[in-house]
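A.B. asks: Based on these hints, arrange chain B on the given structure of chain A.
Spelled out, the chains give:
Number of protein chains: 2
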Amino acid sequence: MKLIYFFDENDGKNKKLLGGKGAGLCQMTKLGLAIPPGFVITTEVCKMYYQNNKTLPKILLNQITKNIRKIEKTTGKKWGSNNNPLLISVRSGAAISMPGMMDTILNLGLNDQTVKGLATSSNNKRFALDSYRRFIQLFGKVVFNIDDTKFENVLTKIKKEYNILDDNDLNIKSLQKIIIEFKNIYKKTIKKLFPSDPYEQLYLAIKAVFDSWMGRRAIIYRQKNKITKDIADGTAVNIVSMVFGNMDSNSCTGVVFTRDPNTGDKKIFGDYLINAQGEDIVAGIRTPMHIDKMKEEFPHIYKQLMKTCKLLETHYKEPQDIEFTVEQNKFYLLQTRSAKMNAVAMIKTSVDLVKEKIITKSQALLRLHIDQLEQLLHNTIDDTFKKKINIIKGIAASPGAANGKIIFSINDTIKLGEKGDKIILVREETKPEDVPAFFTSTGILTSRGGKTSHAAVVARGMGKPCIVGADFVIDYKNKICKCNNIILHENDVITIDGNDGNVYSGEIPMIAPKITNDFKVILQWAQNIKKIGIRANADNDVAAQLALSYGAEGIGLCRTERMFNAQDRIKLFTKMIISKTTNERKFMLRKLEQLQKNDFIKIFKVMKNLPVTIRLLDPPLHEFLPNQNELTNQIHELEKLRKTNKISNMKNLLEIVKNVSEINPMMGHRGVRLGITYPEIYEMQIRAVFEAMAKLTKLKVNTIPQIMIPQVSDINELLIIKKIYDNIKSNVESRYKMKFKINFGTMLEVVRACLTSNELQKHVEFFSFGTNDLTQAVFSFSREDVESKFLAEYINKKILAKNPFQSIDKNGVGNLVKMSVKNCRKNNKNIEIGVCGEHGGDPESIKFFHDSKINYVSVSPHRIPIAIISAAQIILNAKNSIKPRIK
Amino acid sequence: MKLIYFFDENDGKNKKLLGGKGAGLCQMTKLGLAIPPGFVITTEVCKMYYQNNKTLPKILLNQITKNIRKIEKTTGKKWGSNNNPLLISVRSGAAISMPGMMDTILNLGLNDQTVKGLATSSNNKRFALDSYRRFIQLFGKVVFNIDDTKFENVLTKIKKEYNILDDNDLNIKSLQKIIIEFKNIYKKTIKKLFPSDPYEQLYLAIKAVFDSWMGRRAIIYRQKNKITKDIADGTAVNIVSMVFGNMDSNSCTGVVFTRDPNTGDKKIFGDYLINAQGEDIVAGIRTPMHIDKMKEEFPHIYKQLMKTCKLLETHYKEPQDIEFTVEQNKFYLLQTRSAKMNAVAMIKTSVDLVKEKIITKSQALLRLHIDQLEQLLHNTIDDTFKKKINIIKGIAASPGAANGKIIFSINDTIKLGEKGDKIILVREETKPEDVPAFFTSTGILTSRGGKTSHAAVVARGMGKPCIVGADFVIDYKNKICKCNNIILHENDVITIDGNDGNVYSGEIPMIAPKITNDFKVILQWAQNIKKIGIRANADNDVAAQLALSYGAEGIGLCRTERMFNAQDRIKLFTKMIISKTTNERKFMLRKLEQLQKNDFIKIFKVMKNLPVTIRLLDPPLHEFLPNQNELTNQIHELEKLRKTNKISNMKNLLEIVKNVSEINPMMGHRGVRLGITYPEIYEMQIRAVFEAMAKLTKLKVNTIPQIMIPQVSDINELLIIKKIYDNIKSNVESRYKMKFKINFGTMLEVVRACLTSNELQKHVEFFSFGTNDLTQAVFSFSREDVESKFLAEYINKKILAKNPFQSIDKNGVGNLVKMSVKNCRKNNKNIEIGVCGEHGGDPESIKFFHDSKINYVSVSPHRIPIAIISAAQIILNAKNSIKPRIK
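Line order of the protein sequences matches chains A and B. Mapped onto this note's numbering, the consecutive letters of the first sequence carry residue numbers 6 to 892. Mapped onto this note's numbering, the consecutive letters of the second sequence carry residue numbers 6 to 892.
So here's chain A without its partners, still in its complex pose:
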């Protein structure tokens, strides 16, 4: 029975038998790569070991000896030799890599005799002794579970004795002393001498590998990850001959990337060091040489390296990160793994590897990591900058980094920002009236709110870096803010990193985003593959233009209230809200209608021939009004100054604000409820859409507007607004003597709407799930409150696996969505159903919506590339996962 495969004896396809590592070593050997010779003891042996009451089968020992002989032949080294001893490494390797399994033992085969041989062959006594003391420690720890601190204590003691600071400075004397003491530890602890027979060492190591298979951590890991026996049954043991790059000046060691991991350029990238070991490169004792230099110094080795790189890339279909060693002019590949690259390099190599026909377009798309792509779309902090002083950490609310001086006032931010100053707007929280200041700041930092607070949502929409809920206190009056013990004054410069929520003092340099041509190529490939539609959440023509350039297939959510955010309009809008009579309100609405109509015209022009879904006024009115408490304070200030004329106005305003204010505004007088109690508002908005369409139709611009009603909970709400819509439609049509087709639809963001979607379906032409509000309602979590109060704790305590406002909660919200879609489609299988919550930008959620037969997701312009690539990956992964089943 064959219990052992020499690396060249097996094609490496049977991972279950050889383990992952063993299979890889066999494969690479078969590829003709210069793997140091060695062999695999199969997982079958592990099973026999346990069946056999934890003893190694007798027939194994014979096979081991034979294979050791084979290594000796290949390497010219001799097992247990005092001259040129063969040393080996031993490592575990199950079919699936598994934490809790035994680590590598290096330099096995060393004893008091062979260490002399190593000294001779390496011409380096210190190195040989150092290898020996390391081996004794590692072997003791791994095989006999000897407490590592015992060894470390000896080391510390002797270093002190010799006045040595660094392990690398241990001299021969001290090493000899250490070896003696280490061996003493064995005697004391296991009541036996350190095993000096290399075979005994090997058998003990193999047993230790097998024992680790049933170690507590490994068992738990298998249970947790549902690794059953049919997936991995026992571990293999890999025996590889040691090679040394520090034998002489014909030896060296190096690390290379097969392509430049920063640029993706097809150019070998890395260093090597002559007469050195791998760890010497890491330790940075000597300066390594650029790999290009090897071409001159070791031309044939360089050639072999280049060949190896190409072979590996072709085989693994990924740029590789390689460790190699040259021992006395002989090249050995020690390790290879997929190269870690930045986003630019990932994109470039994806395109290049396709051009080189190494991978397909599908493979190119699948190898992209979505998280990493974020880098491409926003400023990032220069990670090489050393003087970073982290002041606080808040909630990363909108990606990208920014620096600038702190300004607390909205007006100053606008004034200075328009002048061109770089400003970080720092506030307790923000309101719609503050939005003009968003435009003129480079980033926003608040002490309140969560990922979906006003500041966060607006910033994300604009693609501005934003951190919210950071732990500081602002004293607006004295223009300072306190973070922990640090006091920041207005005009102090800070840097914020919206990717991780860190706030730094001072100015840290930025790396600008790069939308390369390669990226555009990739996006095009993804577009052609993906099925689910990708539309944009965009409220103005600039955002619409950006979205379009990224490949958006329309606007899935145009929030009409956002159009009022511009400074000149917010006042008009506020006046409209606080109108005491319908006539007064209608007067303001007429003015707003003109503005809104022109906005629509601009957006429709950009999005010609593409659908633009316009959501009528949604948020509670008080969002547009000043804060009660602040007003009270202002009134008191005025009282102090005896400015009586202003006071009464303020008091009136306060009264209005009090009247409009709600205890739970998120579930208050908003959305369609406003549309019903103040029909003139929705009338104005609907008319503005029709008029905009009419105007463009006359100019022969084809537009596809859709009108969407928010917060609907009951069919009758919809019918009332539909009647308004019908009236306006027939009015505009008769005035223009044309027909206008504008789809009428509703958000599904109230649970009741989802539960009765089948009924609503009869009266609408499309639906769009508002998964933000829906998640709030399904969890009874107020986004703003829970994100700042307890959500982090919920995730820490693993109550929730993820923030449900970022990644769709499949169990609750998701099920409701599915149920609702199923009900709608029952009677109208082609009805358009979209999603316009923040979830649309989350890859996992996109997959869920795709699987739920949603037609499209609508995401902020900045996330469109990511959404497109995710959507393509979903299709590709589905194909991959189907394949094996067919096979």
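Among the hints, a few may not be true.
Chain copies aren't distinguished; within one or between two, either way the pair holds.
Claimed, not checked - Using 20 Å as the maximum straight-line C-alpha spacing, the simulated EDC-like pairs for lysine to aspartate or glutamate come out as follows: (1) LYS482 - GLU660; (2) LYS656 - GLU642; (3) LYS165 - ASP135; (4) LYS335 - ASP297; (5) LYS656 - GLU635; (6) LYS656 - ASP480; (7) LYS663 - GLU628; (8) LYS63 - GLU49; (9) LYS645 - GLU635; (10) LYS487 - GLU660; (11) LYS298 - ASP270; (12) LYS823 - GLU764.
Because the hints were derived from the structure by calculation, they are not lab data.
C.D. replies: Frame of chain A, contents of chain B only:
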């Protein structure tokens, strides 16, 4: 073919043939009741009329003549006679009563000749002429659709001419003139003379009845109410001879109830008037005599009346409200219908009719109107009191009426109330810290909030009358409040009616509630019949005792936070909340634990052998803290007074309040979320329950506590609290060396919990739907906000048929409940599932929960009788509705 039935020719069972009215007349005639003779023209004739191109069948005319003859024989009157003319009434009557059908025509048969005969027979020329002019007008209006204003204009003109104010004062002269002018109207309008032939009059009237069957209103009514041909196909026509109580002094007319409608006493109740017509009693021209007087004056008529009453009650199984007329010593029953009674009389007659074996217990229960029973349980305003001045109308939040002087301050309400003053507490809104003032006031009136605002919920729980959301403005400083143009000062007396939301100035007398012995009997009957359990929402032993006395089968909801409402505790609780360290919090909790444990002991004692479900702390913490805006104002006041030492404390408090405050507290940091972030709070509460049980177990008192977790949205929340529960359980058990069984369960009040109830089910022993919160979440309606802002408009506009916070929304919330119950029961069909929202007290909702296989509803103590009776009615109605199907 028989087209007509004389009243004694048919048993009146075939409503489809005879119409409802005709069938009733036949039935009563068969019963031997003195119905004026008459006959029914069947619905078949109506069909023939339409088949025959709207002409009356020839054979009908012959049959009419025959039946008129029959009436003449019975009455001794003569059709068309100038001496003693037979007059008749004609009225429609389909199988189902239907608005839009023709009204009654009275006195048909009158013309210039017969009017003289009527004058002779009645010995009253004015009466005869008056009847004639009325007939002409009614006939013209009904048969020929002559515009009524034409007649009215003549009437007005002639009254002016004769200087007559009231129709009843028209003298013979004026009447004669009117008759002439009325007949002229005919000539002008229909170009024909007024038809004077009684037969022609009759045929025209019959045709008019048939025509009205296909009138627009009748058709729409049938469509809307889905009255198809198999239910009602055509209308019958009822011809009844007229009788006159004003013929002579041997004639009279009267109205009686077969039992006293105020007390329910078995005693005829009513008046009669000699030589008068029914309308004379109504007009109150002469004072009618008490019906008892008839015994002496018309002994044989009285006897006949008594017999009639008994027959009718036995036949209709309901006390009757009867109109009768005696014409020349002959008794006629003109009309009978079920007597309207107050709640006390309804209850008494229910019990009496069962005793008298007229109805069964089931029938006794079914005849009770739930809404009316409310009267029995609360003070009501004395409706006979004339000087009611209505100031405003708010939202009726807690039933019952109360009067007292207005007090705006919490402390004054407590002080004066304890002294024994009757006080109406008037506030903008209330908070938990105000609850002590609820105890010392007779009623509560607020200007904010809806039916589920704090004030409303607490008041309902206590059974105190309460009106919320009334439109007034309080000036606390000057102790006045403005309602419209009226200014109320502190100490002004008002009366509030929590049944309809009306606020009156001054003191209106009250009628006290009566829980009669009869009511107790009824409750017992209902208890024996009902299936669904009825438990109480009770937070203290007093409420528990009341609930028990009404028949509660346990406590379904004991809100632990309510226990902190007492004045001495609220401060302790507030301190606990604002603790800066866990240790500080634990110190406060230890004090609270003792109080809470003792409360539990008291409640458990009352509810021994019955389940008591204790809900752990639920509301958001800020509810226990002062209002931000008020604090700001107070700080400013203190600043003015330069009380610097107090200011810093206040500012600290304000800071804490700001930190704790939430934007949407209803969906914020509350319920189990608090239990997880501050585990020491739930630990304390769970321990207090176990300790209370332990103590009572030692005293041999059997208790059945259940611990219920609020606001759960995810299984992991439950598991974390379960671990705390398990620890405390084993700790207490080992200390007492006893085992304690306390069921562990959760609220289903978060949508996600309902959607995943199947999963939660594995870890709980019971569920309870919190339909208040669930309704909020399903609609995305914040109860407090929407009730005060737009819900009324939604109901007015028929967007919602009912307030979903009062009556369960079957379509949305209800479906979710059903779905959830189904999922729970799939794997555990006996798991206890209750409902503890306010809906538990609404009969329609109780029916829904019963049908959804909910085990019990929990309602406020004051609604328990109503819930019990409703629950019994559900069973009885179900039985009734099944019967016909079996038949």
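A.B. asks: Mind listing which of the numbered hints don't hold for this structure, in increasing order?
C.D. replies: Those not satisfied: there are none.
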